[in-house]
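Given only the sequences and the hints, what does the whole structure look like? Please build it.
Number of protein chains: 2
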Amino acid sequence: MGKPSEQRKREIIDATLDLAASLGVKKVTTQAIADHVGIAQPTVFRHFKTRDAIFVAAISSIGEGLFRNLAAFFSGIGPADERLHQLVQAQLRFISQNRGLPRLLFSDRLHLESPLLKQAVQKIMNGYTQQVSRMIREGQAAGLMRQSLDADESAWLVAALIQGVVMRWSIFDFDFDLAAEAEPLWGFIAAALLVDG
Amino acid sequence: MGKPSEQRKREIIDATLDLAASLGVKKVTTQAIADHVGIAQPTVFRHFKTRDAIFVAAISSIGEGLFRNLAAFFSGIGPADERLHQLVQAQLRFISQNRGLPRLLFSDRLHLESPLLKQAVQKIMNGYTQQVSRMIREGQAAGLMRQSLDADESAWLVAALIQGVVMRWSIFDFDFDLAAEAEPLWGFIAAALLVDG
DNA sequence: TATACTTGCGAGCGATTACTCACTTTTATA
DNA sequence: TATAAAAGTGAGTAATCGCTCGCAAGTATA
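Quick note, the sequences are listed as chains F and U, same order. Numbered according to our numbering, the first sequence spans residues 1 to 197. Numbered according to our numbering, the second sequence spans residues 1 to 197.
Because the hints were derived from the structure by calculation, they are not lab data. One or more hints might be untrue.
Since copy identity is lost for identical chains, a pair holds within one copy or between any two.
Think about it this way: if two alpha-carbon atoms lie no more than 30 angstroms apart in a straight line, the pair counts; the simulated DSBU-like pairs of lysine-lysine are [unchecked claim]:
| id | residue 1 | residue 2 |
| --- | --- | --- |
| 1 | Lys-118 | Lys-9 |
| 2 | Lys-118 | Lys-49 |
| 3 | Lys-49 | Lys-3 |
| 4 | Lys-26 | Lys-118 |
As structure tokens, this is what we get:
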């Protein structure tokens, strides 16, 4: 063996996400991670100082992946409503293929104990909400979306709505097709945001 | 001492909810519960067979409290939209005063390990969604709400929206006034559900 | 090849925690 | 009042888990 640390770090992060998705955060012990990677448990601590640091890295990694996946819709061309529709679709698709994200995000223990993780999560959420807010203002400027709604507040609620759906999916152990929820979800958001006719 | 078990059970459940609200689920050890109640730790097991059983009882208890609190709006008189508005207000008010509920609900470890708890949670959620769906159908029948939206799906999404807001509140450690979110939240729901004019 | 650094591991420590057990005290009942 | 059941406790157990330590093996560089 003796791989370079960067590579091992990736393996450890991937193992963490895999295990979180399939077993839940609690069972992602350093031993379980080590087994999954194929190294001894103390070796894990050669690459991360603490267990929490692994989770922070995992959350950051998957957060970046999400943003990379959605960036095209945040700032693409075309009408704001269509882009928002596609954003919702892409987001649910991404999350349905990265179950570790909700598992980490919705585990109480993490942010209660790790200020670092809390920061990482807040950064992702704020960035996301900001982008959606901008899209809504674009839609309002183009006369596509209701002027009566506050863009920031609405963006916040759209995010909450998606989170709520994802949370249910996670709580109920992924037992429905998340990506398929994109259409009714968009129907609801469209009814709330778009001007009629 | 030597109180009747029913009374102690209540005290243990209340202590569990208090501690979950203030410290997070992970720190609700049987020792912490015992200290909070003022009994020895082994005594806890006189009243509940396992720690999980305590959580199940706590969730059920608070779920019943929520339903009792909302029952008036589910089946009261008056237009469906006003009742739904009041329901949202009452719900956020109740949850803001019972922080143990989101803490228990959004902790991953519980439902992953306890099928019983999962059942209890599902029962609460399904009952809630059913009632909201009925209200929406009433609103549609009265010409107040859009016919184009599916009542069941919309009820599900309204529930998800509220859950999303509450989850954020919980994730961010209760650092904003949840009850105050009722108005913008209702503004969004109304825009989605109500016919215009 | 000599040197320094990185990666790896076996063994084990210290702390935590749900739960048990043997035994006492209190409460309810015949 | 005698008896049984319920409620309570101190002491302890077994298991888990994050993390450390000392040492070996591999790797890069001069």
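Quick rundown of the hints versus the structure:
no.: 1; hint: Lys-118 <-> Lys-9; in the structure: within (21 angstroms within a copy, 35 angstroms between copies)
no.: 2; hint: Lys-118 <-> Lys-49; in the structure: within (18 angstroms within a copy, 35 angstroms between copies)
no.: 3; hint: Lys-49 <-> Lys-3; in the structure: within (18 angstroms within a copy, 48 angstroms between copies)
no.: 4; hint: Lys-26 <-> Lys-118; in the structure: both (18 angstroms within a copy, 16 angstroms between copies)
Checked against the numbered hints given earlier, this structure breaks none of them.
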